[in-house]
Structure formats: C-alpha cells, structure tokens
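*Asks:* Chain residues, written in single-letter form:
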Amino acid sequence: MDAAAEALLRQTVRRIPSSKLNGVLGRWGCLSEAQLGSLESMQPKWLLCDNLISLCRENDLSMKHVAEVEMLYCIENPKRGMWYAYQMVETDDEAQSLELMHFRERFKAHLKDLIGHVSIKLKRHQDESVWIRIAWGDNFNRPNHLKPTYVMHHLQTPYVFVSGLTNKHKPLLFQALVLAAGYSSIKNAHLNGRCITALRDLLMRQYKQVFPSSCPKPLKESNPLPNPNIENEHAKLVEHKQRAAAEAFGYEDPPKLERATYKLETKYREHGNESLNGRDEPFRGVVKFTSSNLLESLKYCITSGMASTPLTPLLSSITQKGRNYFVIRDKGPSIASDTLGPDH
Amino acid sequence: MEEARAFLKEGVLRHLSMLEEESVLLATRQKEALQQQTRVEELRSKLEKLRAQRDQLRAKVKTTVSLQQLTSVVDQENVEPQEESREESLQLFQLKARLTQVKDLLRAHHLIGGYDVVETRRGKGVCFSLATAFEGRYLETYNLEVDLARTIRICRHNVPPFIPLEKLAQQNLQEDIKAFLVTLSQHLNAFAGRQEQVRLVKELLQGSVLVMETNSLYSIVVLMCTVPGQKETEVLLTLEYGDPTQYLPTRVTFESEDKTLLESPQWKESQSLLQQTPVHTALLAWKKERRIC
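Chains as they are written, first to last, in our numbering: chain A, 1 to 344; chain B, 1001 to 1293.
Read the hints as simulated data drawn from the structure, not as lab findings. Hints may contain errors.
Using 20 Å as the maximum straight-line C-alpha spacing, the simulated SDA-like pairs for lysine to any residue come out as follows [said to hold, decoys possible]: (1) B:K1202 - A:K187; (2) A:K187 - B:T1141; (3) A:K236 - B:R1122; (4) A:K321 - B:K1167; (5) A:K208 - B:K1202.
These stretches of chain B come out as covered by chain A in the derived footprint (C-beta under 8 Å, 3 or more residues) [claimed, not checked]: (6) 1118–1126; (7) 1155–1166; (8) 1217–1224.
Simulated DEER-style distance windows between Cβ atoms [as the list claims (entries may be wrong)]: (9) A:H240 - B:L1148: 18 to 28 Å; (10) B:Q1056 - A:Q320: 43 to 53 Å; (11) A:K20 - B:E1255: 34 to 44 Å.
The structure presented is a predicted model; accordingly, all values stated were derived computationally and were not measured. Note that the Cβ used here is the ideal one computed from N, Cα and C, for glycine as well.
Modelling step: build the complete structure from the supplied sequences, incorporating the hints.
*Replies:* Next up, the structure:
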C-alpha cells in the first residue's frame, strides 16, 4: 500500500458519512469480520482511518482495492458534481445484443491502445447500469486516482452520462466508448445536472408521464370539500391546468433538474435605424432558469396560471427533447421567427 | 351588596357614574350586534340574488347553445335542397358514416388489445397507446404522441430506450403508419413477454432455478438449474433471443461440467423444446418430471 493509495483511502473515508461507512466497508469485502468488528463504532474518524490503513497494510491491499471502495460509494451515492449526458449515434445491429463481458474487454482494450497509463474499473450496478471509473495518467505520471472520471451507461441504449471529465481526455474516452458499444460517433445531448437519476429518467423516458387518453384517469383524489354546499366554480379549469402541467412535465415527482439555459441570437429590425440594422453580428443574450427543482417550478407556473396553456415549445422541449441547453437563432431577415435549433 | 357598600363608601356619585358607563357600553354592544345581524342578512340576500343570477345565466347559455345547434341543423337542412350538387352532400354523409365506422372499428380494435388513438391539440396531433400482453395478461401500456402538423413526427413517448424506435420510424413512419405501429407493437409485446417469462421463472421456480444474467432488452437470459442424481450437477442454460419481435429464443445452449449428461438424447430434445415453449412452462414441466431439482 503506497502513499497514493493511502491518500485516496483517506479522501474516500472523509467523504463517506460515519453512518454509512460500516455498510460500505462490509460490502467491499476486503476486510474480515473480525477486522470490521474492530473498526465498528470507532470515533473520531481520523482514528478509524489510521486503523483502517494499518488493516489494509496487514491484508496487503493495493490501489486496486482502494479504488474499488471509492467506486462502490460513488455508485451508491452519485452526487459528486455535475453530470453531463452524451448520445451515441448511428448504431450497427451489433449494439442491440452487446454483452457486458464483451463491452468490458473491448472498452479496456481500446482505451489502453489510446493511452498507456490509465486505470479502468468496470462494474455493473443492480439496476443494470454499467459504471466505469477511469483514473488518468500520462507518459510520465501514474494514474491520478484522486480525480477519476466516472461514466454511467446502460447497454443497448445510446446514452452515456459522464462526470469529472477534462477536455484533454474527452476524445480518448469517447473514441473508446463508441468503438466498444458499436456506434459510429457521439454527440452532446445538451443535458446536465447534479442528479444523475433525473438525467437518466429524462432521456430514457422513465419518469411518470401523462398521455392524453380517451378515458383519462383523475390525476389526484380530489380532496372532499368540508361543506357540500360550496361548489368550486373553477374545478374544470383547475383540472385542465393540472392535466396540461402533468402532460408537459410529468406526474408527481418530475426529474430533478437544476437549470435550463437558452442562448438567444437575434437581429435588430427597425426602419430608420441603420446603425443597429446593419450589424452583421447578432445580439446575443442568455436566459437562465435555475431552481432546486426546475420542472416542479415550471409545473407550478402552469397550475397557478402564471404560464398560459398550451405551453410554449421553449419550455416543453426540456422534457420532450430531454435537454436543458438551447440555442435560439433568428433565422432569415424577413420575420422574426424564433426557432429552436440545435447547437453546433 | 358588599360591592355596593364598598362603592357607597367611595361615594354614591361615583357609583352612579360607573353604572352609567356600563349601561352605555351595553347599549353600544347591542347596537353593534344588531348592525352585524342586518349585514349578514344583507349578504345573504345578495348571495341568493347572485345564485339566482348564475342559474339564469346558465340556463341562458344552455338555451343559446341548443338554439345554435338547432339553427345549424335547420340551416343545413335548408341549404341542402338549394345546393345544386346533391352528390356533394351525399359524399359528405358517406364520409361521415365512414368516420363513425372507422371510430367504432378502432374502439373494437382497442378492446381486443390493439392500440388506441386519441386526438390531441385540436386535431394537430394524435396519441397512440399500445397495450402489451403475455399469455392473456395485460402488462405495461406504452404511449406515443405524434405531431401531424407538417410531416408525421414523434414528439413524446415512453417507449424504453433499447427498443429501436428511431430505426422503426425511419423505415415506415411517413409512408405507412399502420405498418409502423404493427412492428412497434410486435417489438414491445415481445419485450414484455420475455420480461414476464423471466419474472415468472423467478416467481414460480424460486429456489430451484437461478436467473444468472439478463440484459435490459431481455435478448440474452442465462439461467442455472441443478440436475439431481448421485452427484448433483449444475447446468447453465443460455437463451438467445435473436429476433427482437419474438418471445421465444432462437438459440439455446447448455453448459455443464458433466459432458456426458448433455450428450444424452433427452437434453438434445429439450433444446428444441425450449425454442417452442415459453421458458417458465418448460422448466415447470421439468421440475414436475424431477429432471431438475
């Protein structure tokens, strides 16, 4: 057990709350029952950490094992910074029947071809998702395990979720991913956020959606009014608004997004104002919506009547297209028709 | 009385003035109460009036609506004979009849497990709902909202991401939406069927057959069962579903340490059996025959 492994172990233990630490170490499976028992209820944390390191030395554990415990915790608690979604395109038929073993071998081989010093770990979580942890090094340095890149991917789907990736390593990772999963290229899905399950649910359409149907079910058990003589004159309107909100952003808990960004590029048009009309450069503006739960807030906008229905495609595109970054370009000189165009 | 005496000690005048104060207070309170009552009554009568007005307005709206309908019907009846081309109106009626017929057919289709269609956004779009079922049991319903404004475009759906929806849409969404829906429904039904089979194996053969591995499309399922004998041997069954529109495997392989066991004609036969019957029924039959523990 070298200094680097020790540093990673210390960092990891610091990150894990005391209440969860024993569970994580138990699932890790590198310590014996007696060793785990000796660590139990040891306070403060630094003391526990010191003891843990000596136990690891005793068991002759290396960086490989320490990285595993970090990965274990990360998979179960993936709230570490921003996650970015990417989408692979142009599949061959092979991707539909790809197996984990096959994917693992190919991914490791491709990435190791591209870069020499790299440490890769691949694990399948209970919900069928495949997690990849990559510690990057270069020609002169050993892999830096303190700042690993995490990748989450569901086999047979084109979506990849990445966190902690630098621009330098982006092309390497993407090439290896695309080759291993049997696609021809990868593109930015323009979706990011802190909650990876929300991103996944949004792109894989796994959140509770409401669709128009010939026999619509009531959305909520309408709470019976205390006085039967009081009649809600706007009951129908309220129901309609709730349905519109649910159809746009999902029923009950919508995926937890923190922000939506709209970049505007518009041109100024008014007769007699040549200095502004003649500009080649468009006016640029950025509109950002931020909230602890953006879709819930937008839903409230509809139900409370702040936003009119039918909803503007600018907002409903967040769920329909599964993205939260848009560039709106002013196309053509005639009409100021704002169109939702993809960003390049 | 004692109080009065105490007051008397302080002086009669003071006592009187106090009494006066109290009486004034009482009088004002009474007045207030009276005012409140009258206010309540006023409000009540107002409420009654408003209610009556509301009912009147409602009745008015109803009558105007029915009147409009009547007039439109009358107008049509009046106009029709004046129109020179009776054929046109005949065509219209035929089309209307056809529409009701098609709607009835759709409803019947939905009732027997087909897809349902609902008009959305004032006729600019439709929403298809495709129900899936396996062995007479309804499973998940998937929805597909389609925009018809310019070209046919899928704008919202809850089809799982591993179903190749885009590829199917490219093939024949524009030309033949019916064929598109049929193939999509086949894919979804086969997927739901494979998923249900694995669920049934887990439920019905708990403890005897282990589900070792599946993928999200359920196109590869690996099961492990134990063959009884002098020495219990474990057999690994790998079912590969090569055709995504089928719920039966296209390839079945067995793996075991005991090679002679797999050479027996019984196992060779079971390979083809698994390709013809759902896996849970086959395994249940084997369990009854005590071929597996």
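*Asks:* Any hints this thing doesn't respect? Which numbers, in order?
*Replies:* 1, 2 and 5
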